[in-house]
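Chemist: In order, the protein sequence lines correspond to chains A and B. Last residue of the first sequence: 339 (my numbering), numbering continuous. Last residue of the second sequence: 663 (my numbering), numbering continuous.
The hints are simulated quantities; they were obtained by calculation from the structure and are not laboratory data. The model shown is predicted, which means the values in this text are computed figures rather than measured ones. Hints are supplied without guarantee of correctness; some may be wrong.
[As the list claims (entries may be wrong)] According to the in silico footprint, chain B covers these stretches of chain A (three or more CB under 8 angstroms from chain B):
| hint | region |
| --- | --- |
| 1 | 45-59 |
| 2 | 226-236 |
| 3 | 272-280 |
[Unchecked claim] Ranges between beta-carbon positions, derived for each pair:
| hint | chain 1 | residue 1 | chain 2 | residue 2 | range |
| --- | --- | --- | --- | --- | --- |
| 4 | A | Ser-297 | B | Trp-508 | 22 to 30 angstroms |
| 5 | B | Arg-564 | A | Pro-239 | 53 to 61 angstroms |
| 6 | B | Leu-364 | A | Gln-110 | 35 to 43 angstroms |
We treat Cβ as the ideally placed atom computed from N, Cα and C, and that holds for glycine.
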Amino acid sequence: MSEVSATDRDIAPPAPGYWAMAGRKLLRDRAAMISLAVLVIIALMCAAAPWYAAHIAHTNPFRSNLSGTVMRHGKPVEVLGAANNPLHLGIEPIGPSWRLGPYMLGADQQGRDVAARLLYGGGNSLIISFAAAAVCLVLAAITGILAGFFGGWVDRIISWLLDALWAFPVFLLAISLSVVLIAHGIDLGLFRLDASSLALPITIIGVIYVPYVARPVRGLVMGLRQSDYVLAAIGIGAPAWRILWFDILPNVISALVVFAPLIIALDLLTEAALSFLSIGVQPPAASWGTIIHDGESLIYTRPMVAIAPGLAIVITVLALNILGDGLRDALDPRAKLRN
Amino acid sequence: MAGTIIRRLVHMIAVLFGISVLVFLIFFATPGANPAARIAGKNASPQTVARVERQFGLNRPLPVQYALMMKKIFITRNLTSYVNLGEKVVPQVFKAAPVTLSLVAGAAIIWIVVAIVIGAVAAAFRNSWIDRLLMVLSLIGISMPVFWVGTMANLFTQGIWHHTWLFSWVPPLGYVDFSKSPVLWFKSLLIPWITLAILYIGLYARVLRAALIETMQEDFIRTARAKGLSERQVLLRHALRCSLVSVVTLFGLDFGVLVGGGALLTEVVFGLQGVGYLTYQALETLDLPMIMATVIYASVFVVVSNAVVDILYAAFDPRMRLRR
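Working from the sequences, and respecting the hints, build out all of it.
Modeler: Structure (structure tokens):
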């Protein structure tokens, strides 16, 4: 065996491939790597939500706790106590304790643990934005490749559809679809989606951004269609599926990888906005947007309920944007020249 | 050139038609969406639903309903709300329009000026710590949800710091008409303006910086330098003017979207009763005629601003005239 490895060492290693080179470049990008680490940590924390609720917060973050008490500084304190005004009018949820344990970030209006809801809500926000981005990228790749490669009436129909969707004010499209569908879900016989299903916001948010990606993909494929190697492949009689799979798709995928973090970031912000308007994730489930919505009515007494999820959104979206910049620099050498 | 404009206008009307049909279908023909049952309320008897259907003309064929609704919006302008019975929808939209326009126009002035300054400074000090700091700040601006920024602004200007010298001038939430008191109008809008502008400052500063850096590598910049112009003159007189084209395009589209009601979240957070707020209220009560009116109002602005940008492009750059 040792002889084999000795001869191996003498032969020059094969030149690193496109992806290996991009990966190495990305590994050297400190800002992108830190962002990636932050994203992984946030995702792991959100995944640990059930554990946190059971072992640290000791509450069920989906059930209201209107008359419970909790120990603070050795004394039992009501979770929803009398408000701190001269007449003790109204009730006020307990404030943050700032230490790991029950009600670390305080309670919301229904006496639920904000920190636990933040983790559960983050899980939903991340699931929705990642899944919606996947829906968007797959649909955009299919439509963009078909339109760009086959041209003719296929292109005309797809482009017309994309143009119509593009011209539609995107926020109004999202809001209109959500309002109609949240009320009673989709029921198309075989295809049923419940109003409280996460699949509903995923589908809506996934579809509305398809033109943003499909249009550049179509342009890219149209350019590739005229490139020498594709013309050569057509010339030797390669079937269309083979050209699409081996010559076109790899190019499109690198474009999609660059788009992915930016679309996820956009989806996260859109989900938060829809949930803030209470037409996204439906109660008792939470997302960062719904928690900000809950916190708005407590903003002057318990601001942490609205501050915490907002900060979580900002950090996540910022990390995604920085990662997106890094991916673009790593995968698209021409873009780097401009900076 | 005239041909381009006419072609663009025809395209514009076609797109508007498409959007109005799409909105109509979303609200009136989505499987499960039953407007009559909604107006009748929960647990209404089938007879009540049938009566509502007859009363609102919802039992007629969809194309007829569509045509009637468009006629009531554009020609007779007497479309009435399903929720506040008898209230006319079109005048309400026009009453809300100045509020939105005040909000968006003020924010636009702020974001254009600040973004140009940030973009130009970042490009001038490219790769220095100033550049990096400004770009990180821009990125943070892009990453913040606008409704959260608004909520935080309220927290500080109406709550925690309202009684300090810094924010004691901020009036309570809501819109004050310009004709009533220009000073109060300005005060009531300043915080919403800044809130709305933050996202666009980040966006435009980044775009402008990239465009400036690309322009600085062009031949005519080398010529300008060879003529002996100072670096500041090269940047401000030659490069900036050329790079602004990319920002102007973006601006046309964004301004159209916002004036049409895209500032909905800002309007809701600050209690400004503009077109976006109207849309939001209509969506909460599922007032279909009001939704149709506001969505069509919004798409008119989006489509018109798209067309204006395209026509301006064709005017600036003859090569664009050959495209579709």
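Chemist: Run every hint past the structure and note whether it holds.
Modeler: Hint-by-hint comparison with the structure:
1. Only when three residues or more bring their CB closer than 8 angstroms to a CB of chain B does the claim for the region 45-59 of chain A stand; here the count is 0, and the claim is violated.
2. With 0 residues having a Cβ less than 8 angstroms from any Cβ of chain B, the region 226-236 of chain A misses the three-residue criterion, and the hint is violated.
3. For the region 272-280 of chain A, the stated coverage by chain B holds: 5 residues have a C-beta nearer than 8 angstroms to a C-beta of that chain, and at least 3 were required.
4. Taken as a hint, the range 22 to 30 angstroms holds for the pair A:Ser-297 and B:Trp-508, whose Cβ atoms sit roughly 26 angstroms apart.
5. Take B:Arg-564 and A:Pro-239: their Cβ atoms lie about 55 angstroms apart, and the range 53 to 61 angstroms holds.
6. Here the CB-CB span from B:Leu-364 to A:Gln-110 is close to 38 angstroms, well matched to the stated 35 to 43 angstroms.
The structure is inconsistent with the numbered hints 1, 2, although it conforms to all the rest.
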